[in-house]
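Q: In case you want the letters, here they are:
Number of protein chains: 2
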Amino acid sequence: MKPVAEIFSQGEELVCGQIVDSNAAWLSRQLVEMGFRISRHTAVGDNLADLTNLFREIAQRCDCCICTGGLGPTVDDLTAEAVSLASGLALQPDAEAMRQIEQYFTRLDRPMPDANRKQAYLPAGAQRIDNPLGTAPGFALRFQRCRFVFLPGVPMEMRAMFDAPVRADLQRRFTLRADTLITLRSIGVGESAIQQALADWPLPAAVQLGFRVTADEVQTKLLFPAGFPEAERRDCVERVAALIGNYVFAIDDPQRQPGDLVAVIAEAMRHRRLDLAVMETASHGLIAAKCLDQPWLLSVDIRMDKSWQTGMAADSAQDIARALAAQLADDKASSLALVQLYHPLASDADDRQDAIVLYNALYTPQGVFGSRHCVAGAQTRKQNQAALLALDLLRRYLQDKCP
Amino acid sequence: MKPVAEIFSQGEELVCGQIVDSNAAWLSRQLVEMGFRISRHTAVGDNLADLTNLFREIAQRCDCCICTGGLGPTVDDLTAEAVSLASGLALQPDAEAMRQIEQYFTRLDRPMPDANRKQAYLPAGAQRIDNPLGTAPGFALRFQRCRFVFLPGVPMEMRAMFDAPVRADLQRRFTLRADTLITLRSIGVGESAIQQALADWPLPAAVQLGFRVTADEVQTKLLFPAGFPEAERRDCVERVAALIGNYVFAIDDPQRQPGDLVAVIAEAMRHRRLDLAVMETASHGLIAAKCLDQPWLLSVDIRMDKSWQTGMAADSAQDIARALAAQLADDKASSLALVQLYHPLASDADDRQDAIVLYNALYTPQGVFGSRHCVAGAQTRKQNQAALLALDLLRRYLQDKCP
Numbered sequence: 184m185k186p187v188a189e190i191f192s193q194g195e196e197l198v199c200g201q202i203v204d205s206n207a208a209w210l211s212r213q214l215v216e217m218g219f220r221i222s223r224h225t226a227v228g229d230n231l232a233d234l235t236n237l238f239r240e241i242a243q244r245c246d247c248c249i250c251t252g253g254l255g256p257t258v259d260d261l262t263a264e265a266v267s268l269a270s271g272l273a274l275q276p277d278a279e280a281m282r283q284i285e286q287y288f289t290r291l292d293r294p295m296p297d298a299n300r301k302q303a304y305l306p307a308g309a310q311r312i313d314n315p316l317g318t319a320p321g322f323a324l325r326f327q328r329c330r331f332v333f334l335p336g337v338p339m340e341m342r343a344m345f346d347a348p349v350r351a352d353l354q355r356r357f358t359l360r361a362d363t364l365i366t367l368r369s370i371g372v373g374e375s376a377i378q379q380a381l382a383d384w385p386l387p388a389a390v391q392l393g394f395r396v397t398a399d400e401v402q403t404k405l406l407f408p409a410g411f412p413e414a415e416r417r418d419c420v421e422r423v424a425a426l427i428g429n430y431v432f433a434i435d436d437p438q439r440q441p442g443d444l445v446a447v448i449a450e451a452m453r454h455r456r457l458d459l460a461v462m463e464t465a466s467h468g469l470i471a472a473k474c475l476d477q478p479w480l481l482s483v484d485i486r487m488d489k490s491w492q493t494g495m496a497a498d499s500a501q502d503i504a505r506a507l508a509a510q511l512a513d514d515k516a517s518s519l520a521l522v523q524l525y526h527p528l529a530s531d532a533d534d535r536q537d538a539i540v541l542y543n544a545l546y547t548p549q550g551v552f553g554s555r556h557c558v559a560g561a562q563t564r565k566q567n568q569a570a571l572l573a574l575d576l577l578r579r580y581l582q583d584k585c586p
Numbered sequence: 184m185k186p187v188a189e190i191f192s193q194g195e196e197l198v199c200g201q202i203v204d205s206n207a208a209w210l211s212r213q214l215v216e217m218g219f220r221i222s223r224h225t226a227v228g229d230n231l232a233d234l235t236n237l238f239r240e241i242a243q244r245c246d247c248c249i250c251t252g253g254l255g256p257t258v259d260d261l262t263a264e265a266v267s268l269a270s271g272l273a274l275q276p277d278a279e280a281m282r283q284i285e286q287y288f289t290r291l292d293r294p295m296p297d298a299n300r301k302q303a304y305l306p307a308g309a310q311r312i313d314n315p316l317g318t319a320p321g322f323a324l325r326f327q328r329c330r331f332v333f334l335p336g337v338p339m340e341m342r343a344m345f346d347a348p349v350r351a352d353l354q355r356r357f358t359l360r361a362d363t364l365i366t367l368r369s370i371g372v373g374e375s376a377i378q379q380a381l382a383d384w385p386l387p388a389a390v391q392l393g394f395r396v397t398a399d400e401v402q403t404k405l406l407f408p409a410g411f412p413e414a415e416r417r418d419c420v421e422r423v424a425a426l427i428g429n430y431v432f433a434i435d436d437p438q439r440q441p442g443d444l445v446a447v448i449a450e451a452m453r454h455r456r457l458d459l460a461v462m463e464t465a466s467h468g469l470i471a472a473k474c475l476d477q478p479w480l481l482s483v484d485i486r487m488d489k490s491w492q493t494g495m496a497a498d499s500a501q502d503i504a505r506a507l508a509a510q511l512a513d514d515k516a517s518s519l520a521l522v523q524l525y526h527p528l529a530s531d532a533d534d535r536q537d538a539i540v541l542y543n544a545l546y547t548p549q550g551v552f553g554s555r556h557c558v559a560g561a562q563t564r565k566q567n568q569a570a571l572l573a574l575d576l577l578r579r580y581l582q583d584k585c586p
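Protein chains in written order, with our numbering: chain A, 184 to 586; chain B, 184 to 586.
Do not take every clue at face value.
The list treats identical chains as one, so a pair stands whether inside a single copy or across any two.
What the hints assert, rightly or not - Listed next, the in silico DSS-like pairs over lysine-lysine satisfying Cα-Cα at most 27 Å (straight line):
(1) Lys301 <-> Lys404
(2) Lys515 <-> Lys489
(3) Lys584 <-> Lys515
(4) Lys185 <-> Lys404
Think of the hints as simulated: they come from the structure by calculation, not from any bench.
Using the sequences and the hints given, assemble the complete structure.
A: Structure follows, in structure tokens:
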């Protein structure tokens, strides 16, 4: 039997619908992968009686509960107080937490507001969980049947704290037999196209197939039950990857997560000592922004005006992009050069939702490679896809054509 | 007293985190605007006992509950069955629902699968809610204290059904008086600093103060109860805005939402027919990316190397930025020019979490303005803050110093 876990979220902005509870979904995925069964999500506002009652209920009905939010410095941050009321454990100042909060403000060269002092008070006997990114420390304690873990609601802080001490601590405390999740991460292909590609080959019955679509990629998820033979699993993953094809830029398993598209590219660029010059149009700075702190990125030119579109016929756009890429590599003395052009699909496109056609060209010592894509949707979606699809041409070269 | 409402979501894919529950947030916003108080969100998987128990609990503790999901044709769609078990009301075939489901398949020219027959069975005495977009009809009934409304989980169907008959029905059944929410949106100041700034001036007791922190801004929320005098409300908002100070870039009320920082800047730039050249460093393309499709943005240079940092002492950085801004305006013949420089706060900073100091300079016809900020945290946070704080210097000029 798997241990039963719940996710609990606190915040008026959650129950009032001002923000969507993405923390609950993220935490659930982590716990499912670790081997928990998730029975419930609950979100309540900043109401001390509601919070206290809920902690009492949860303490009796499940083995583990991850709670987010309500650890901030303000008067509507009530988590520690509610835990103290529900459990009868008094709040006590934690000297190390106080030191870290003070240090946070010292590093910023700012005086510490009095309100932040409250964040260092934890229920007696609770284990502090350090927050490397913010002022709110988390804490964990057992109360009746349930191991409670309290984390801040800021997603970046919450994830960093879960990834570092919390995950390992839960693995020590619970007997978990995790299923094995394999994630094939792809760019440039839709969920339904992948589904169709996989339709002819039946997966083993024990394997659960799922999909997840984010702004940056489509993930095909294969969940293998604990005890599934490893060799058979490898075969199955290889088969699925081949059916999806070259859209797959990375395959995550519990041992290895190569990271996102830029991380995959960065690894190959470093390894082969290559460098890159970029000219971007439709992505409007987003290629540069995604490649923050990448030493192999020599230069990025953002073309603001659309003068290069004038007279660019659809059948010559690819040639123009190729010529510009060769020119760019020459100008910047870079080993690789990536150029992105685009034009509206309809000749009189005024609607910002209208589709655009992207033409990418990559100059390399092995010749110039090109790609063409049609992208539709909101402006920010097209901008993001434009950045990713240009970078994906580079990824395909590095993985398939670069010696 | 406001009637108390809850949101309830059913689905294994929700509790396992494969999808984020955006229905709950959307429904909450509708109900809050109508004048309900939302006390809780709950999501559970496809488990008959869990569902039945939850319906019993909810029936006793709130006045209204909107439920989504679990109305489909498959074996794991258990909502009607659980409602019947919890309430003791037998499931009965609804002739009109059956006719509509049959018609749905006739229109698609497909045979109706037997499984869909189940969707026409509703608890005795429930009011059917027609689904114009899919096969699953919804239904509503009163059970103990609570008015339950059951809607499908497909967001498009759910929203259409809520907007058409459900909203009006709830407005008939409940005595609702909506509050007025005012949101002061700020950049460059923390939540706790705002709280401290407001500490000396007590808000009217009826006004509820809240905060929301996103990656891009801090929102200070003032909730005025229905019937609060309008002139007093305007005074209160003005007072709070003055206490927070020039960090506030926009104030949202039910009539007017000026939009995000770039939208506020764009409005002023258009109005005054100004244009802008940018040089960015720490934000690495993100200023350009945020200003997609802004015709007043003439050019953006992204400096990749850090050569300009060499020999740049902290006390000269501001002067260098100012000189570069004047130079940039001259080079590009722009009316405004924005330059961003930075250096690590610690002289030997290798840690990517370490704080950086940003120096922004804005060349304008009224002189050169500067700002200095210290930013810490993950690389992507520093990058985003760098872009926003540079743009915010421009916003301050446009709002305060531009004739």
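Q: Evaluate Lys584 and Lys515 at a C-alpha cut-off of 27 Å and name the case that applies: within, between, both or neither.
A: Answer is within: at 22 Å inside a copy they meet the 27 Å cutoff, but 40 Å across does not.
Q: When no copy is named, should Lys301 and Lys404 be tagged within, between, both, or neither for a Cα gap of at most 27 Å?
A: between (43 Å within a copy, 22 Å between copies)
Q: If the cut is 27 Å between Cα atoms, do Lys515 and Lys489 qualify within a copy, between copies, both or neither?
A: Both ways: Lys515 and Lys489 sit 22 Å apart in one copy and 17 Å across, limit 27 Å.
Q: Indicate which option fits the pair Lys185, Lys404 if close means a Cα-Cα distance not exceeding 27 Å: within, between, both or neither.
A: within (19 Å within a copy, 42 Å between copies)
Comparing the model with each numbered hint stated earlier shows that all of them hold.
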